[in-house]
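Same order as they appear, the protein sequences are chains L and P.
Quick note: the first sequence, position 240, residue 240 per this note's numbering, numbers continuous.
Throughout, this note's numbering is defined as the position within the second sequence, counted from one, plus 1000.
Check the hints yourself; a few may be wrong.
Mimicking DMTMM-like on lysine to aspartate or glutamate, the simulated pairs with C-alpha atoms at most 20 Å apart in a straight line are [said to hold, decoys possible]: (1) L:Lys-22 <-> P:Glu-1027; (2) P:Lys-1011 <-> L:Glu-25; (3) P:Lys-1039 <-> L:Asp-356; (4) L:Lys-316 <-> L:Asp-356.
Stretch by stretch, here's where chain L covers chain P in the computed footprint (C-beta under 8 Å, at least three residues) [as the list claims (entries may be wrong)]: (5) 1005 to 1012; (6) 1024 to 1032; (7) 1039 to 1047; (8) 1062 to 1071; (9) 1125 to 1132.
Keep in mind the hints are simulated off the structure, nothing from the lab.
Computed from a predicted model, the values in this text were never measured in an experiment.
The beta-carbon is built from N, C-alpha and C at its ideal position, and this holds for glycine as well.
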Amino acid sequence: MAMHGMRGLSVFISDIRNCQNKEQERLRVDKELGNVRTRFKNEKGLTPYEKKKYVWKMLYIYMLGYDVDFGHMEAVSLISAPKYPEKQVGYIVTSSLLNENHDFLRLAINTVRNDIIGRNETFQCLALTMVGNIGGREFAESLAPDVQKLLLSSSCRPLVRKKAALCLLRLYRKNPDVVNVDGWTDRMAQLLDERDLGVLTSSMSLFVALVSNNHEAYWTCLPKCVKILERLARNLDVPQEYTYYGIPSPWLQVKTMRALQYFPTIEDPNTRRILFEVLQRILMGTDVVKNVNKNNASHAVLFEALALVMHLDAEKEMMSQCVALLGKFIAVREPNIRYLGLENMTRMLLVTDMQDIIKRHQAQIITSLKDPDISIRRRALDLLYGMCDVSNAKDIVEELLQYLSTADFAMREELSLKAAILAEKFAPDLSWYVDAILQLIDKAGDFISDDIWFRVVQFVTNNEDLQSYAAAKAREFLDKPAVHETMVKVSAYILGEFSHLLAKSPGCSPKEIFNIIHEKHPTVPTSTIPVLLSAYAKILMHTQPPDPELQNQIWAIFNKYESCIDVEIQQRAAEYFALSRKGAALMDILAEMPKFPERQSALIKKAEEAEVDTAEQSAIKLRAQQQMSNALVVIDQLATNGAPPPPQVNQLSLVKMPSMSSTADHNPADQALSVANGTLSTVDPQPPSADLLGDLLGPLAIEGPPAAAVPSEHNVVSGLEGIPNVVDGAAIVPVGEETNSVQPIGNIAERFHALCLKDSGVLYEDPYIQIGIKAEWRAHHGRLVLFLGNKNTSPLVSVQALILPPAHLKIELSLVPETIPPRAQVQCPLEIVNLRPSRDVAVLDFSYKFGTNTVNVKLRLPAVINKFLQPIPVSAEEFFPQWRSLSGPPLKLQEVVRSVRPMPLLEMANLLNSYCLMICSGLDPNPNNLVAGTTFYSESTRAMLCLVRNIIVSVFDPGN
Amino acid sequence: MGIRFVLMVNKQGQTRLAQYYEWLTLEERRALEGEIVRKCLARAEQQCSFVEHRNYKIVYRRYASLFFLVGVDNDENELAILEFIHLLVETMDRHFGNVCELDIMFHLEKAHFMLEEMVMNGCIVETSKSSILTPVQLMDKTS
């Protein structure tokens, strides 16, 4: 069984085979690697045959899971060998070991090109195959025209052309900008006339890629596909070699029907008639046969035909045939067919008017939910989830809950999430929702994510009718002997908030409620304690008239936790303790939570996220995407430099589009900045400086450089439309004769920058006053509270606060008292509504008098654009089509930033995260690129998707 | 893309052939192969041939001691892939005559070459056995 002459390799493989354990294997492999290394080092003595042998050994070792990087060079060098056996090994092993980003690959480009344009067919095939598997950009640039020529050449034999087709497919997919497919319609049509089924199979894959990208250009190819399908289905002129168990190439049939699914409709009546005839034959003529292979192959074709019929959704009669078939399939014993039946029935849910017919199979589907095979159970779960609506939610959710107790762990989380979503979406009545969800938490506590119980709280808070019912239920569940921690959390929360509604029922006095909750206290983990403390505080507040005994009991608990090592617990305990001594004030502070704003359920969002991606998109998804391409795209570019940003230039104020990005102006002139048109830009930022945010939010850097240094043109910045001079460079400097005597403490700009990234902190401080800020943001609304604290023992008088809002923000400031008493703090809430995207910044014009000093400061308020962002994950098939659909300004901005050293990826990611841009990792094929998504909220735009792509390209300096 | 990888693993879980059509690092490959082997090899014979893993599917088939596992995109036609595995086995059968695990182990280069003639960049290139084997026979002649 020795390889032809490669005895050493056979011996090595035998040795490996005889290894008793992984450790022995490792030792043997290490020995061999040492051997190969030494041989490669003294290359002089190596014959091509030996080289080939060692390269194979490397591939073998690599397959076993060991690193063989040291030998890449040798594998690549074999490509240039003059003889076939060595060359072949070089090509095959190179495409197994390397990827398109390996530098060594470049060394081979010339050889590869020579092989491709040369006369030797076998060399052509080897080269095309390797490029087809791992060819990257440089290959596309230098080889695409040659490959196209081969594909279309009439003198070329099929064995070369079929490889050329898939090679071109790779180059096109990887670099659509390099491989020009304009005008390919005719060529593609010509290719689809091909008689050779090998070439046709490959070309069909190429066609699918082209059509999925732009079906409009390929209308003329549609009849050709139908013709191919007809040729195969009727078995006309199909060589024996291409029939598989009597079925004319099932793979080509499947691929052809797949291609047809990228066309929205088929208009030509003749083509349509032929296609429907073929489909009809497949639907009705596929019988179950004994031979497994034949059966599988014919059903592969049948399922693809089903998908195509569903896609075309045209003939009512055919649709009902499909449903009937699927109904049959989901009831058969054969597991593969049942699995596919369930899967395709789920797809059928997308077709209108099919829900009701599918619902008839509910009982059958539920049996599959109990199948021993997890693959089948998954499909059944998905289908039940998809077909659920108000009419059957009760049954389905109860079925899921029942199944939950026996379901395997791998499925419980998904199952609970789905049950929770269905209960929420389709609850026939609210009390049923509470029942179902509490049961769910009870049964699957470990698999209940926080999102689920948060949502319950939101739901109950927002539905007054539900509150006392929920409280009663929560109490019931807490009575059980073993209660899951999540159940404790949700019950404690609900009881704290709403148990007073039950006060009159037996066993529901505040004291009793407290006891029930507190009983669980010894068993809960630290993370639950804060929830309990809040519940206690609320119970205390609701106990009217106060019950001194209960009070003492709760105070004792607060006291105990005041020294807790966990900061959250400590703070809550201390605050609740202090608050609960304030009597009436407690009522205000601990009043019932206001209703939550209605927004998309976090659960549903989560479920959507979990939806799996596929590289080639189904036609239905694709269509959905084509319809919603008006998304906003923002390219982030973080131009920063060590120096403070130079004075703002007026172009900036013209940029009225919503954008997180600073624009070119922030770069000093010497950092030559080029904006690449049409191609994606490279962004190569430097490490962030303290001024990063200043750059980002640049247009109104009013506290930037000292007043004197600000050139007069600063006034031209018209960011604050209609409010003249607010942004004067000198604005920050206190106005008035004696201003110099009051100096701010700390750097105002730094404080502002910090507040742009967080929601509470100090905005301004001087020897007399401290202005703190606390903010909350929800969609396009914001609530900001200014805390004005008098630091002195005498009052601050003539206090005035004026908001100078930019045009895009609506800001209402509540009344500010004229006097701030000594050592007192006043709170002034501010309501903010973001009307439309803008990077302008609101300014607080604040003044007060202390003794003879008049102090006036103008402070930027951190109501900046990123506060109206909400991170959102984006999947690859959402991102790239939308990204590409936006061709340029004003919806897409790109900037190239050149710099010596890129910012570390992690730092960049953190930075984007802190701006509420969610990094979607693994999306971009290049790991050095960052892709992020976020939703921007404003009143005029509502939720708007923003996408950011950050590409880092290193450019080699030719001088080095 | 279609096919993401083709694995041949024996029933002890040892990889006998691995061909990936998307780049994974060595660590990723090791982890993936481990996970897949754990998932698929434990399945009973009467269970279906499809296993959902991460965001793709594995279509697999067992021949004596050897498992053929093919990772595909979610919307790939599963049965077509299942029979494609069989086509691969029949092709190897025609070449080796009653192919077994050892043939693949000791003739890894030929197994690779055959697979390369059938799948390129995750797409099916050729399904005619004689067209697949012609270049392989050429290799025999020249070496």
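Original post:
If you check each hint against the structure, which ones fail?
Top reply: As far as the earlier hints go, 3, 5 and 8 are violated by this structure, in ascending order.
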